[in-house]
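Fit chains L and S to the given chain V structure using the hints.
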Amino acid sequence: MTRQNRRQFLRQSAALSAGAALGFPAISRAQSGPVKIGVLHPVTGFLAYSGNLCRLGAQIAIDEINSGGGIKSLGGARLQAILGDAQSKPEVGVSEVEKMNEQGVSAIVGAYASAICLATSQAAAKYSIPNVVDVGVADQIVERGLKNTFRFGPGYRTVAEAAINDLHILNTLAGKPASTVMIVHEESLFGTGTANLLASQLPGLGYRIVEVVKHANPTRDFSNIVLRMKALNPDILIPANYYNEYALLLRTMKQQNVAPKAIYSVLGGAASSFKFVKEFPDVANGVIDCNHWYNPKDKRALALRKKVEGMKDQFFTYEVFLNYQSVYLLADAIERAKSSRREAIIEALAHSTWDKHFMPYGPTKFVNGQNTGARPLVMQVLKGDISVVLPKEYRQADPVFPWKA
Amino acid sequence: MRELAAIGVLALAAALLPAFVSSGFVLNLAIMVLYSTLLGQAWNLLAGFGGQFSFGHALFFGTGAYASAALQVHLGVNAWLALPIAIACGAAAGALVGAVSFRYGLRGSYFALVTLAFAEVFRILANSVEFTGGGVGLLLPLKESAADMQFPGKAGFLYLILALTLAGFLGSWWLKHSRFGAWLAAVRDSEESAAALGVDVFRVKLAAIALSAALMSAAGVFYVQYFHYIDPHIAYGPAVSVEALLGPIVGGLGTVFGPLLGAAVLQLLGEITRNLAGDAPGVSLVVYGVALIGMVMFLPRGIAGLIARRSL
Amino acid sequence: MLDFPILFASLLNGLTQGAVYALVALGLTLIYGVLHIINFAHGALLMVALYGVFFLNARLGIDPYVALPVMVPAMFVLGYCLQRLVVGRAGHGKDENILLVTLGLAIVLENAALAAFKSDTRTIETAYTFSTVNLAGAMIAVPKVIAFFGALAVAALLLALISRTDLGRAIRAVAKERQGARIVGIDVEHVFAVSFGIGLACLGAAACFLLPAYYVNPQVGNGFVLIAFTIVVLGGMGSFAGALAGGFIVGVIESLGGLWLGESLGQIGIFLAFIAILLFRPQGLFGAGRRA
Numbered sequence: 001m002t003r004q005n006r007r008q009f010l011r012q013s014a015a016l017s018a019g020a021a022l023g024f025p026a027i028s029r030a031q032s033g034p035v036k037i038g039v040l041h042p043v044t045g046f047l048a049y050s051g052n053l054c055r056l057g058a059q060i061a062i063d064e065i066n067s068g069g070g071i072k073s074l075g076g077a078r079l080q081a082i083l084g085d086a087q088s089k090p091e092v093g094v095s096e097v098e099k100m101n102e103q104g105v106s107a108i109v110g111a112y113a114s115a116i117c118l119a120t121s122q123a124a125a126k127y128s129i130p131n132v133v134d135v136g137v138a139d140q141i142v143e144r145g146l147k148n149t150f151r152f153g154p155g156y157r158t159v160a161e162a163a164i165n166d167l168h169i170l171n172t173l174a175g176k177p178a179s180t181v182m183i184v185h186e187e188s189l190f191g192t193g194t195a196n197l198l199a200s201q202l203p204g205l206g207y208r209i210v211e212v213v214k215h216a217n218p219t220r221d222f223s224n225i226v227l228r229m230k231a232l233n234p235d236i237l238i239p240a241n242y243y244n245e246y247a248l249l250l251r252t253m254k255q256q257n258v259a260p261k262a263i264y265s266v267l268g269g270a271a272s273s274f275k276f277v278k279e280f281p282d283v284a285n286g287v288i289d290c291n292h293w294y295n296p297k298d299k300r301a302l303a304l305r306k307k308v309e310g311m312k313d314q315f316f317t318y319e320v321f322l323n324y325q326s327v328y329l330l331a332d333a334i335e336r337a338k339s340s341r342r343e344a345i346i347e348a349l350a351h352s353t354w355d356k357h358f359m360p361y362g363p364t365k366f367v368n369g370q371n372t373g374a375r376p377l378v379m380q381v382l383k384g385d386i387s388v389v390l391p392k393e394y395r396q397a398d399p400v401f402p403w404k405a
Numbered sequence: 001m002r003e004l005a006a007i008g009v010l011a012l013a014a015a016l017l018p019a020f021v022s023s024g025f026v027l028n029l030a031i032m033v034l035y036s037t038l039l040g041q042a043w044n045l046l047a048g049f050g051g052q053f054s055f056g057h058a059l060f061f062g063t064g065a066y067a068s069a070a071l072q073v074h075l076g077v078n079a080w081l082a083l084p085i086a087i088a089c090g091a092a093a094g095a096l097v098g099a100v101s102f103r104y105g106l107r108g109s110y111f112a113l114v115t116l117a118f119a120e121v122f123r124i125l126a127n128s129v130e131f132t133g134g135g136v137g138l139l140l141p142l143k144e145s146a147a148d149m150q151f152p153g154k155a156g157f158l159y160l161i162l163a164l165t166l167a168g169f170l171g172s173w174w175l176k177h178s179r180f181g182a183w184l185a186a187v188r189d190s191e192e193s194a195a196a197l198g199v200d201v202f203r204v205k206l207a208a209i210a211l212s213a214a215l216m217s218a219a220g221v222f223y224v225q226y227f228h229y230i231d232p233h234i235a236y237g238p239a240v241s242v243e244a245l246l247g248p249i250v251g252g253l254g255t256v257f258g259p260l261l262g263a264a265v266l267q268l269l270g271e272i273t274r275n276l277a278g279d280a281p282g283v284s285l286v287v288y289g290v291a292l293i294g295m296v297m298f299l300p301r302g303i304a305g306l307i308a309r310r311s312l
Numbered sequence: 001m002l003d004f005p006i007l008f009a010s011l012l013n014g015l016t017q018g019a020v021y022a023l024v025a026l027g028l029t030l031i032y033g034v035l036h037i038i039n040f041a042h043g044a045l046l047m048v049a050l051y052g053v054f055f056l057n058a059r060l061g062i063d064p065y066v067a068l069p070v071m072v073p074a075m076f077v078l079g080y081c082l083q084r085l086v087v088g089r090a091g092h093g094k095d096e097n098i099l100l101v102t103l104g105l106a107i108v109l110e111n112a113a114l115a116a117f118k119s120d121t122r123t124i125e126t127a128y129t130f131s132t133v134n135l136a137g138a139m140i141a142v143p144k145v146i147a148f149f150g151a152l153a154v155a156a157l158l159l160a161l162i163s164r165t166d167l168g169r170a171i172r173a174v175a176k177e178r179q180g181a182r183i184v185g186i187d188v189e190h191v192f193a194v195s196f197g198i199g200l201a202c203l204g205a206a207a208c209f210l211l212p213a214y215y216v217n218p219q220v221g222n223g224f225v226l227i228a229f230t231i232v233v234l235g236g237m238g239s240f241a242g243a244l245a246g247g248f249i250v251g252v253i254e255s256l257g258g259l260w261l262g263e264s265l266g267q268i269g270i271f272l273a274f275i276a277i278l279l280f281r282p283q284g285l286f287g288a289g290r291r292a
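Chains as they are written, first to last, in the working numbering: chain V, 1 to 405; chain L, 1 to 312; chain S, 1 to 292.
Hints were generated in silico from the structure; no laboratory data involved. Heads up, some of the hints might be wrong.
In silico contact screen, one side only, chain S against chain L (beta carbon under 8 Å); selected entries [unchecked claim]:
id : residue
1  : I38
2  : H92
3  : E96
4  : N97
5  : L103
6  : L105
7  : I107
8  : A112
9  : L114
10 : L167
11 : R169
12 : S264
13 : F274
14 : L278
15 : P282
16 : L285
Across the chosen pairs, the derived CB separations fall in these ranges [to be verified]:
id : chain 1 : residue 1 : chain 2 : residue 2 : range
17 : L       : R107      : V       : A199      : 38 to 48 Å
18 : S       : K94       : L       : R103      : 27 to 37 Å
19 : V       : K147      : L       : N78       : 23 to 33 Å
20 : S       : D3        : V       : A199      : 18 to 28 Å
21 : L       : A95       : V       : A199      : 52 to 62 Å
22 : V       : A231      : L       : P300      : 54 to 64 Å
23 : L       : Y159      : S       : K176      : 48 to 58 Å
24 : V       : A303      : L       : L142      : 35 to 45 Å
25 : V       : P177      : L       : P141      : 21 to 31 Å
26 : S       : A58       : V       : D63       : 23 to 33 Å
All C-beta atoms, glycine included, are put in the ideal place defined by N, C-alpha and C.
Just chain V, with the same shape it has in the complex (with noise of 0.2 Å):
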C-alpha cells in the first residue's frame, strides 16, 4: 500500500512540481478519483513512538473504509493516505503541510502534540484544509476562531476537570480518606497546563496539595522524587506526564517501597497504557488513570482492540483508537458533504452530528472546533486489565479506592 503510494506520488509530484513551480492552481481536486487524506504525525524524534502509533490508527480506518466500500456518496471512492513526518517539530510540520496542500489534499488527520498541531492547524487554514485534530490537549488550539480546525477529543481542560470531579466522588464515596495529593508533572505544555489547573480547583473541594513536582523530559532518575513522596507521604499521588517518565517514576516507587493511598493520574502516560501493564503487572496495578478512552461496552471498539493486538508488538492505545476515530469523522463528513471540496467538508464537519463511534462522547457537536461532548472516562488496572471505574454507565468493574489503606 505504502509503495504504491509512494510510486503514484513521485509521479505525481513531478508533475505537481512542474506544475506548482508555474502556479497552475488547484489540480489535484478531481471530483472522481481517490479523496487524498494528509495523515501528518512526528514520526521521527522524540514523539517516535507516539506519532507511530497515531500514523497506525489513521492508516487502519482508512484501510478499512476503502475495503467496506470508500466513501460511497462520490461513487466508491477511496480514500488515500498521504504520510508525513512532521519530525516532532512545528516548522517541519508546516513544511509537510506546504506539500500536503500541493498534493491537492482535502483534509488533514493530525499531529498528535500540541506544540506541533498549534502551527499546522494554521498552516492549513491559509488553505482551508479541513484539519482534525487527532490529540493534541491544548485548548488553545481549537481557542483562535480558525474555522478549519475540528477536534474530536478533549482538551486539557476538560480532561483536569472531569478528573477533579471523579477524584472526588470515588474520595468522598470511600469516606473521605484522601486529603492530601502531590502532583508530579513533566514540565512542557500538557503537564504544566493540567497541573495549573488541578492545583487551583483542587484546594476548594478541601484536598490539600503538599506539593507540586515539575520534571525534565526525560528525567534520567526519580529517585530524589519519590524520596520527596515518602517524607511528605501523600494521600494521592498525581502523575501527569509522558510515557517513559511515568513507567521510570512508578518504577522506582515499587523499588522504594512507596505506595500512597491512590495513585490517580491525569492523562497518566503509562498509566492507561496495555503496554505498561503487560510489562510490569505489579507495578501497574491499582493505578488510576483520567484519560481518553473508548466506550467499553461498544463491540466496534473491542473488534478493532483485538485486531490491534494480533498485530506484532502493537498495543492498543489512545493514540491509535483516537486517530482512528478522528479519520471516520472525517470520512462521515465527506460522505455527508458528497464532495472531496474542502470548503465542502468543512461546513459538514462543523454542522456534524456523527455518532458512529466507539467513543463516550455521544453525538458529536462542535461548538468554535471542539467536540462538546468529548469526555475522558477513569480507569483502574486491576487485575492485569485496564477497567473503566467512572462514571457509572461505562463501568466494567468497581473502583479500588483507596489503593491500600
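Chains L and S in isolation, oriented as in the chain V frame:
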C-alpha cells in the same frame, strides 16, 4: 564588489519570486531556506569570521523570540516595535556571554561548551519563569495584518526574511572588507599576534558576538511571527543551535555565501531524502545523515571551498 | 525537607546516579583528551550499546552484567572501525568537519535504530530490578549500587591501562604531542582508533550497568550528552580520575539541586557549575595535562 552584485541579484530574484510562483510549498521552501540562511549567517559571523565556535547560539535566538513574544502577549506592544527591542535584548545577551567568557579567556572548545551551558541555563529558567509562560510557552494571538507583522500571504514573510538575510549578507560582506573585519580575522587567526599588532582583542570579540547575537535574535523574532508559538524547548533547545552551525560548515566557513549555499543544499537534501526514502520512519533521516557525512568527507572546505577551487 | 535522613539518602542517590554518568563520561574524556574532538555522537553510541545489552537479554537471556565481556569488546571494535573508516577519514583533521561528522553519525544512528527497532521503549526484567540495599536507613536500588562499584572498577582499569602499559604510554604521547609522537614512530592513526574504541568500550560497560534500572529507545542517548560534557569539563578533559570525580559531583549537585529547587529548576545547578568551572578553572579539577 562582485560579491555585492551577486547579493543584489539574489535579493532581486528572491523578491520577484512571489510574482512568478504562487505555489505555497515553493514559497514556504524559499522562506525556510532564507530563515536557515539567517541562522547560519549569525553563527558564521562569530565562528567563520571570528573563529569562535558556539554550540549554544539558541541562547540568542530564544532571547529574541521570547522578548518579542512576551512584549506582544503581556504588554500588547506592536510586533514592529518589539523587533528592535528584541534585537537589543539579544545583543545584550551576546555582550553578556561574551564579556564573561572572553574576560576569562575562554577559547576553542571551552568557549563552545560554555555557550552550550548558557543556552541550557536559559532553557531551564524559561521553563520556570512567569513571563515566558513557563512550560506552556507563549502563543501569539492571530492577527493577519502587515501592521502586526503577521502577513496574510507568504509574500510578506518572504520579504521580511529577505530583508533580514540581506542585513546578514551586508554584515558578512562588511566583515570581509572592512577594517574591523580585518581585526576580527587577525584575532581568528592568532589572538596573540593580533594583540601584538595592537588589536584590542577583547573589544573586537565582544563586538563580534554582539553582532552575531543581534542577527540571531532577529531570526528568533521571525520564527515567532511565522509560527506563532514558542516554548523553552524550541527557543533554547539544541535543535536551533545545530541548525545554525550546519549550514555554514557545509557551505563554507567564513565566506559570505557559505550560509546560503549550506542552507539551500541541506534543505534540498532534506526534501530529496524524504521523497526518495519513502514513509518508513527514520529511513530518510539515515540517508540524510549519511549524505551529511559524505559531504564533509569529500568537501572539507564546504561548498564554497569547492567553488573557490574550481574557479582558480 | 532538610532533615538529615532525606539529605543523606539524596546524597547517596546522587553518588550512585553520578556513577552512571561517570561511566558515560569516562569514554568521552578519553576521546576528547586524545583526539581533541567533541563527540556529539556519544549519546547515540550509548543508545547502540543499550540496544546491544537489551537484545542479548531479550533474545539470548544473558544477564546484563554477564554481558559485560561481550559488550565491551564489541563496542571497542565498533569504535575502532568508526574512527578508522568514518570519523578519521571524513574529518580531515579540521575541528568543524569532525563536529559535523559526529553530528551526522548521531543522526544516522538514532534513525537507523528507529527504522530497525521501532520507537518503542524497551525494558528488561531481572531478578534484582526492584531490590534495594539498606545503607544506614537509605534504600538504594541494587543496580545503582552495582553501577557505583562498576564505575570505580572501570576507572581503575583505565587508569592502570594508561599509566602502566605501552599502549597507555603511546596514548599519552599522542594526546600530549601528536606530531612528536608520529616522529618517534608511534602509529598515530592506530592510537586514535584504539582510543575511540576504548571510549566506546566504556559505553558498552555503561550500558550494562545502566539498563537494569532504566530503559532503551532510539532517543535515549540524548538525555546523557550534555551531562557527559559537563562532567568531562568539570573533571578535566582527558582525566579519568576527573571523569569519575566529576560524575559523582554532578550527580550530587543534580540530586541536591532537585531537592532544593525542584526537579526541573534543580537541573540548573549542573550547568551553573559547568559555567563556573569553565570560567574559574577551565582545566577542570584534575587538570588537562595530568591523567594519573
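To see whether the hints hold, each was checked on the structure:
1. Nearest Cβ of chain L to the Cβ of I38(S): about 6 Å, under the 8 Å cut. The hint holds.
2. Residue-level restraint check for H92(S) holds (minimum Cβ-Cβ distance to chain L is 4 Å; threshold 8 Å).
3. Hint status for E96(S): holds, given a least beta-carbon distance of 5 Å to chain L, under 8 Å.
4. Proximity of N97(S) to chain L holds as hinted, the smallest CB-CB distance being about 5 Å (cut-off 8 Å).
5. Given hint, L103(S) at the interface with chain L, holds; its Cβ is 7 Å from that chain's nearest Cβ, closer than 8 Å.
6. The beta carbon of L105(S) is positioned within 8 Å of a beta carbon in chain L (closest approach about 7 Å), and the interface hint is therefore held.
7. The criterion of a C-beta within 8 Å of any C-beta in chain L is met by I107(S), whose closest approach is roughly 3 Å, and the hint holds.
8. Given the 8 Å rule on beta carbons, the hint for A112(S) holds: about 5 Å separates it from the nearest Cβ of chain L.
9. Proximity of L114(S) to chain L holds as hinted, the smallest CB-CB distance being about 4 Å (cut-off 8 Å).
10. The criterion of a C-beta within 8 Å of any C-beta in chain L is not met by L167(S), whose closest approach is roughly 25 Å, and the hint is violated.
11. Hint status for R169(S): violated, given a least beta-carbon distance of 25 Å to chain L, over 8 Å.
12. With a cut of 8 Å, the hint placing S264(S) at the interface with chain L holds, because the nearest CB-to-CB distance is about 6 Å.
13. At about 4 Å, the closest approach between the beta carbon of F274(S) and any beta carbon in chain L falls short of 8 Å, and the interface hint on this residue holds.
14. The beta carbon of L278(S) comes within 5 Å of a beta carbon in chain L, closer than 8 Å, and the hint placing it at the interface holds.
15. With a cut of 8 Å, the hint placing P282(S) at the interface with chain L holds, because the nearest CB-to-CB distance is about 5 Å.
16. At about 15 Å, the closest approach between the beta carbon of L285(S) and any beta carbon in chain L exceeds 8 Å, and the interface hint on this residue is violated.
17. At about 46 Å, the beta-carbon gap between R107(L) and A199(V) stays in the expected band of 38 to 48 Å.
18. The hinted window of 27 to 37 Å between K94(S) and R103(L) holds, with their beta carbons roughly 28 Å apart.
19. Restraint check, K147(V) to N78(L): a C-beta distance of roughly 26 Å satisfies the suggested window 23 to 33 Å.
20. Judged by the Cβ atoms, the range 18 to 28 Å given for D3(S) and A199(V) holds: they are separated by roughly 25 Å.
21. Taken as a hint, the range 52 to 62 Å is violated for the pair A95(L) and A199(V), whose Cβ atoms sit roughly 38 Å apart.
22. A hinted range of 54 to 64 Å holds for the C-beta pair A231(V) and P300(L), which are about 57 Å apart.
23. Between Y159(L) and K176(S) the C-beta distance comes to about 55 Å, which sits within the given range of 48 to 58 Å.
24. Checking the proposed 35 to 45 Å range against A303(V) and L142(L) shows it holds: the Cβ atoms sit about 41 Å from each other.
25. Here the CB-CB span from P177(V) to P141(L) is close to 45 Å, at odds with the stated 21 to 31 Å.
26. In this structure, A58(S) and D63(V) meet the distance hint of 23 to 33 Å, their C-beta atoms being roughly 30 Å apart.
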